Amino acid sequence: MEPDGQLKPSSLSTKDLPWQLLWSKEKCTLCGRCTAVCPVQAIELGVHRKRVLQIALGLTEKPGNVFGVYHGIRQRTDVAHACIGCGMCDMVCPNHAIMPIHNDEPDKLRFHINQGGIPRRRGGRRNATGSFLDEIKFVRISMLTDPALDAGRHEFELRTLLGRILPPEEALRITREGGWLPPVREIYPLILGSMSFGALSPTMWEGLQMGVAFLNEEMGMPVRFATGEGGCPPRLLRSRFLKYVILQIASGYFGWDEIIHALPEMKEDPCAIEIKYGQGAKPGDGGLLMWYKVNKLIAAIRGVPMGVNLPSPPTHQTKYSIEEAVAKMIQSMSMAWGFRVPVYPKISATSTALAVLNNLTRNPYAAALAMDGEDGGTGAAYNVSMNHMGHPIAGIVRDAYLNLVKLGKQNEIPIFAGGGVGKNGNLAANAAAMIMLGASGVQVGKTIMQAAAGCLGSEADRCNICNIGLCPKGITSQDPRLYRRLDPEKVAERLVDVVVGFDTELKKIVAPLGRSTSLPIGMSDAIGITDRNAAERLGIRYVL
Amino acid sequence: MSLKPTIMIPGSEKGVRVDSRVLDERIQKAVAEGHRNIEIIAQGQHGLGGRLWRAGNEPVSIRILGTSGQRVGAMGFPGTRIDVVGPASDDVGWLNAGAQIIVRGNATNGVANAMAQGKIYVAGDIGARGMTMTKHNPRFEPPELWVMGGVGDSFAEFMAGGVAVICGHKAQQADNILGYHPCIGMVGGKIFFRGLHQGFSEKDARLTVPDDDEWGWLTIHMAEYLEAIGRTELLPELTEDRAAWRLLAAKKPHEKAGAQARNIGRFRAEVWDRELGTGGMIGDLTAQDRGAIAVITTGSMRRFVPFWENEKYLPPCQAHCPTGIPVRKRWELIRKGQMQEAVDLALAYTPFPATVCGYLCPNLCMEGCTRQKADLPSVDTALLGRASLQAVVPAPAPSTGWKIAVIGGGAAGLSVAWQLRMQGHEPVIHDVRKRLGGKITATIPRNRIPDEVLEHELKRMEGEILHKQLKHALTEEEFGKLHEKFDAVVIAVGAQKARIIPFPGHERAVAALDFLRESKLDQAKVGKNVVIIGAGNVGCDAAAEAARLGAESITLIDIQAPASFGVERKHAEAAGAKFLWPRFTKVITETAVELKDGEVLPADTVIMAVGDQPDLGFLPEEIKTEKGFVVVDEKYRSSDPKVFAIGDAVRLGLLTEAIGAGRVAARAIDDLLRGREEIYDQLPAIDPERVKLEYYDPRPPRFEDPLSCAAGCASCGACRDCGLCETLCPQNAISRKEGEEGAYEYVVDADRCIGCGFCAGACPCGIWRLAENDPLE
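Chains as they are written, first to last, in my numbering: chain A, 1 to 544; chain B, 1 to 777.
If you are wondering where the hints come from, they were derived from the structure by calculation, not from laboratory data.
A hint or two may mislead.
What the hints assert, rightly or not - With a cut-off of at most 25 Å between alpha-carbon atoms, the simulated PhoX-like pairs for lysine-lysine come out as follows: (1) A:LYS490 <-> B:LYS14; (2) A:LYS15 <-> B:LYS373; (3) A:LYS50 <-> B:LYS373; (4) B:LYS525 <-> B:LYS570; (5) B:LYS251 <-> A:LYS508; (6) B:LYS468 <-> B:LYS520; (7) B:LYS485 <-> B:LYS525; (8) B:LYS403 <-> A:LYS508; (9) A:LYS25 <-> A:LYS15.
Said to hold, decoys possible - Over 12 Å on every C-beta distance to chain A, these chain B residues come out as not near it, computed from the model: (10) VAL85; (11) ALA292; (12) ARG433.
A quick note: this is a predicted structure, and the numbers were derived from the prediction, not measured.
Cβ coordinates follow ideal geometry from the N, Cα and C atoms, glycine included.
Chain B on its own, in the form it takes in the complex:
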């Protein structure tokens, strides 16, 4: 209780308004001097009644008459009671920290802004931005704002605590006692109200009704409020109808999240699809399912699909072999321990598996070997070739009775005759020579092909094929008879006519073929100095033979880089032969070959090795030739449908090419005789990149026997049944399916496969291929 009487502090002196600073000093002084009841006749001074801590715990009562200024009770202290007798200006109770402030009229904007404790009782309406930024400090009771009428716009913005009560009694805006857009940014506190409103920030606040506790609190404190403003008569009216009261409470942070109007899923179903039709925007244009799928997919939704392409491609060895021998298949048989079958298989393709594959062929198969791409030595087919000496002749097909005249018993002629025989036909070789084999027998030096090997293979053939030895070179008339008598004729006369370039003195030179033939019969002689014009493989053979026959100096000259290669070249070099190019012969003299540049190469013997030509003197004009060779199509058919031509008579080539031509021609003849035309599917060669050589020893191995070769063969394009794919597949999608008679295949379960391509990446033999899946609509 106050010790001193009520003090009156005027807001003006002698008609002059007292400055806010001075008035505040006077109020503070009065309190310090012990005054506890102060009456101020205000003239709009600022911040009246605030910060009255000098009263300590004693209550101080401030009564404001006249015109109160802004921020009445700003920073008010507990124990301060301010009674504004009339309306109040802006920011009543600004930053109020405990004062009780009564406004007996209306209050303008900003009432209770940033209030943290205390109570503000307004007997009328308030302006905009009331109860904004209010706080509730847990150390104190929450602040309260009571308003009899309604509130202005933007009420409770950023309200963070406290309680507001809006009674809605005779509010100036009866249709909206909460003003425009209340509660924006509200994070704490409650607002009791009674009356109509036009919305609030639903993002921030939630509209409910007071529960029993809240109602209890409201009714008790309502009485205090009415008491304070002197309107106790309104208590029944304000509390008789509990249902008239509503409560706005700040939403908690977790309630604010995801407060969107409607989720997209519902919008799609209820709005989007309803307006557009089933399936949405393009439901009428496509039946394609457009539902979301996972990134990793199986079945028809895979982007890539693996295929097990077993034996769908030729291995490079076979593809490179002009004869077409299934080299890889033979290694496979050896790996399986079927050595004899591997050896026998060759005879289905060539009558010379040992002679040619084992000795005379440059082995194009090995050149093509996939291992080459990894700088590994190719598997050595020559070893296999030599092992083929013991091959067992397969039983020919049942006899057809058709007869074919084969003119020439060299590699080409023997090949076609061999194949025709195996087909059940009766080929008859016509050759002037006693011994078959053509150049193999007659001109290829012994150091390149052991006699016993050649003999063995010739004998094997002689048991199967008829040989009619001609007394002399075939004439056109005789050819005509053969044409008449036989069902088909094959010209396989080879290139027997040596080409001689007519340099001055060319008559002093000996043709290489003649030289080799004589040499093989041990009838050739050479001088000390030998010059060979033409440094191809035949020239090399001649060089090696010249050395054998005692020549001391051997020189091969050529107009360009020598075309010789392989064993022939090696033998010549081993014999000490010199290779010179480019050299252009001017004249051949008794003692030398003189070159156009004046160089003189001493020569006792000159051998001309510049190529050979077929001798086609017997050929009737109707059969077309070009530049001395018979013109044929891809099946070796000449312009006469009954006449075929193969080997060097068609174009100069390797033995293996002649043998291969024989195979192709035999099939064509078979077709002709049987009156059919078959397409022999030539599979494409496999891309060697598909074969994985990392599974093999990278150190250059020594292939010493067929078994080690078989182990080194990568089985390009043919499944080795290793089961790696089955094991490696991350989805367990690959399995091995048994077929009949030991057949098998690896199959993919599309419902498991994700199209990763691991099978293709890992397959040692290049069987698996990953392909793009078929496009969807």
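Here chain A stands alone, though its shape is the one from the complex:
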């Protein structure tokens, strides 16, 4: 209700909001922690009047009124302060006196969030809980037919190749003739990213990089991290850890002059260069780092002034056709490191993906193709892009792989897939499904946020405020008051847990296939699904 006691079309009650805060007067100790921590000031101390009628039994005396006042936690109902359901209030409450509860019916806020004609923007993920990848089963369990392996006991070298792999005879010929051989990296099939410095907080980014370095140097797992657009800290560029990094270049070209300046001082080549043309979470839409996230640090890394909006347009300006665009970018980026570094484009999964892939097969410098499906995450996008635009990843990966098979090049151009891998926590199963559909490796982002840093976001539209710099866990904030809640060491530690755990699970899946050294890329006879149409579409087993 409005202060004047009148209703406006956008006057909302708590019932109209997506999240209702249940507060217990009985349990509350009025410590102030919940209101202090709430990222969006959805709650405040409320003054409440309480009236008690005092009536003597038998009505022997004249009834009396007792008015009193008590203080409690009150939920605000205006659009700007609607509860986001993050649950930080519950987290800090010493008595568990408060907790957000999801509305039992679709909220009304969604109809009013476009105040001032600005449609909803948010971070996070598509608000759809299902995961097609979860539907895929691993049906080939070779107990006796193949030499089955034991995931716990056998030694596995789960590695994949990133780079253009030439047919042996050609490779031999070129070697003999002393020609140029495309660079190929042997890496772990789980790639982190792409997540930019800027979209992520400094503590989160450093924590992940530290974890990656640890996995490489202490655990012998060649895990790679794709930077996303937004540059790379100068020190990292000049360190040996650069070899664990896939540098991304995108339409905003942020931070690239710093990368160029660092070229003469690089101790190591980066793992690869990813040219981003599209993102699964918001295909066809660009990126925007809001000015309030562009502090001194971000400005320095991106090579821009502080406090300005940083748009990455949906398209690169100097590219006009697919033939020319892709070739030109791959050529330039390859040249930057003397053709020693694999360069590949990343596109959002799309019905036009095969055109890109076919183009790449004709380009000797194209190292791979990365595709990002609709279930990918993002730091900021329009709700409509996130929820309604994009292509599922499974079918497009399969199509791409089968297309390569048709061309006889399935072992030459690796496909990397992302977007919803591990969406519901089934990271290894989803990754394995993707690999058996034809991917050489997977890219993950959101899952890592959740597992390595405790991201509170969910497909039920919980939190998802990465875009406004108020991340309650400090994952996507540039405000030291928030990002210092996150200890990079702990992030690194969790990342190691996640990857090591993933490794064990992946082994559990591939061991019964008798695979211990080569990934079952495209091994579609090992997977099945109970949906006949899906089975037919993907060319995998229909099982019941």
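Use these hints to put chain B onto chain A, whose structure you have.
Chain B only, in chain A's frame:
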């Protein structure tokens, strides 16, 4: 001891190999028949020597010649002794449950797999996966595997108990007697070994040296082993150098946890920061401390900070009062028991605290009262206004000698003159009327303002302000003289010229102002039927007066919904006046007002109340006017810097607006005379949402006296010093700090405050504000 002689069981008959099933039947039968020494000339048959329970507690000795098959001694029983004279195939002693098995040559893969009891003595090397899945059942002695040479790959996988001894004597792989990756998944048991190795699963096993007990056990049992395989000559060699022996023992579950290579903290310090430099990845780019902080923070790490904003905003009453009277301040004084001060305070703002605030003003202050937002009646300022009759005139400032001509002695003129007088100047009111007060005196009916109140206030003013009664309406020439003679001139002539719409017959209508003036002098007369054209407040006053004068039927017509409100409207309605709209007058006849739609309203008297205009005939052309009103800026300065204009001469308005204009103009004149330009800080009005009315009785109260009003005033924006914030603050961060002369403030200890905003949420007066903390780098 055996009762029967050694029996020989051949593995082939007539050149044909005997089936494993048949051979086993024959062996079992032989034992059942009492044979305890059996020689088998094997041809690769499976599972020889196993399951010989038919011997009961008696020992059975099996000697295997020829080629033993897989799983010699599988499921062997205690008391069975199997002597394989030569090498053995896979899985020797598989699931052995107590047999002693001697292999005089090498054994291939899977030796002792799943063995739970018994002993296996191998005189040579063994193949892969020896001693795997072995158990130790606490009901029995642990199983033992002795190997003279080395073992193959994946030794002791999932070993869960038992003892293995690997002597490393003339091992085939002398550089690695334990094979590739031994001990994976090992959870129990021990492995004694002697010789070189190339690693084992450190996750599962721990490398030590035998302690004294273990060494004792090894040497004693070594002799038995050598005896069994007939190599006793090796005893000295194998036992003379205790230091050559090592022991692998399974790690206990608690030892396995956290067995990571290096913890991240050390990695960060020793690897990460060392490679990147102090401060890590971005240590060169920011000096910002990035150390982890708690979720709930204080000091500079608070996200929000409270501010005590006492009297930084105007209360809505004061903000809504065109005169600018500090209403809230007056209630505060009353609450403190300073009634007289509260009353006197009004005179600093208006010369008519009783007449206007108490009777004639629609009390915009009350309309703005925060209590309205909670559907509570506003505090009644009219009560306070009426109580102001007894206000004591403050002493004017020392005389400045500056003279100001004020043309017009109505509300506006009196206000500006009053203010100028209080500033020490000498205002002179020029008015043709004998009595000051303008419309208040001349036209507002007595039922709205008691004479004695008005008289009292006029008298109070007359004691302070000079009044020069003009003989006739001011002329342009006279105005010029005033302009010359005085230091400043204020035009406050009001709107005295009635507006008459020239309908046919308009000459039959009387202007409302004239009617009211005459009525007040008791010189007006009305007929039975009165029609008033224009249903505004002046029309209403006319209606009420017409009724007083005996009219029987009074009709007010208007071309739109009547703009009248408040007391005037009520009085007219109480007098039985009808309001009709929209009605468009066509003609005024002797007996009626005829409307354009043909309706005829009988009218003996027609009063025209469609507004008034100032009479500015004296104004020289240089002073700009627009549509008959003097053009002024926000300080009521006309286009002539020395001439000011206020009240209805500028725009038609309420008395309080005229009085307020007088205040503003007086300040501007003061500035002009003193040659300065001051900015009078007009504080913004407080957001009424900040004020908490839940602390007050929600039932509509009856305000019957200033004291009850004072108690109901929420003191918007001004601290009541209730101390609630200090009490409520969960961190004990707020305290009251005494200043000089009773001044105080509430202050926050930043090191305690967590920025919860409870102070802002609870403050009854809306003093505390929670703001975002200043951004950090």
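Evaluated hints:
1. A:LYS490 <-> B:LYS14: Since the Cα atoms of LYS490 of chain A and LYS14 of chain B sit roughly 76 Å apart, the hinted pair is violated (cutoff 25 Å).
2. A:LYS15 <-> B:LYS373: holds, 23 Å
3. A:LYS50 <-> B:LYS373: Satisfied, since the Cα-Cα distance of roughly 19 Å is no more than 25 Å.
4. B:LYS525 <-> B:LYS570: Holds, because 22 Å separates the two Cα atoms, which is no more than 25 Å.
5. B:LYS251 <-> A:LYS508: Holds, at about 24 Å.
6. B:LYS468 <-> B:LYS520: Distance ~23 Å between LYS468 of chain B and LYS520 of chain B Cα, so the pair holds.
7. B:LYS485 <-> B:LYS525: Since the Cα atoms of LYS485 of chain B and LYS525 of chain B sit roughly 44 Å apart, the hinted pair is violated (cutoff 25 Å).
8. B:LYS403 <-> A:LYS508: violated, 102 Å
9. A:LYS25 <-> A:LYS15: holds, 19 Å
10. VAL85: Per Cβ check, VAL85 of chain B is outside 12 Å of chain A; nearest 34 Å; holds.
11. ALA292: violated, 4 Å
12. ARG433: At about 44 Å from chain A, ARG433 of chain B clears the 12 Å cut-off, so the statement holds.
Checked against the numbered hints given earlier, the structure breaks hints 1, 7, 8 and 11 and satisfies all the rest.
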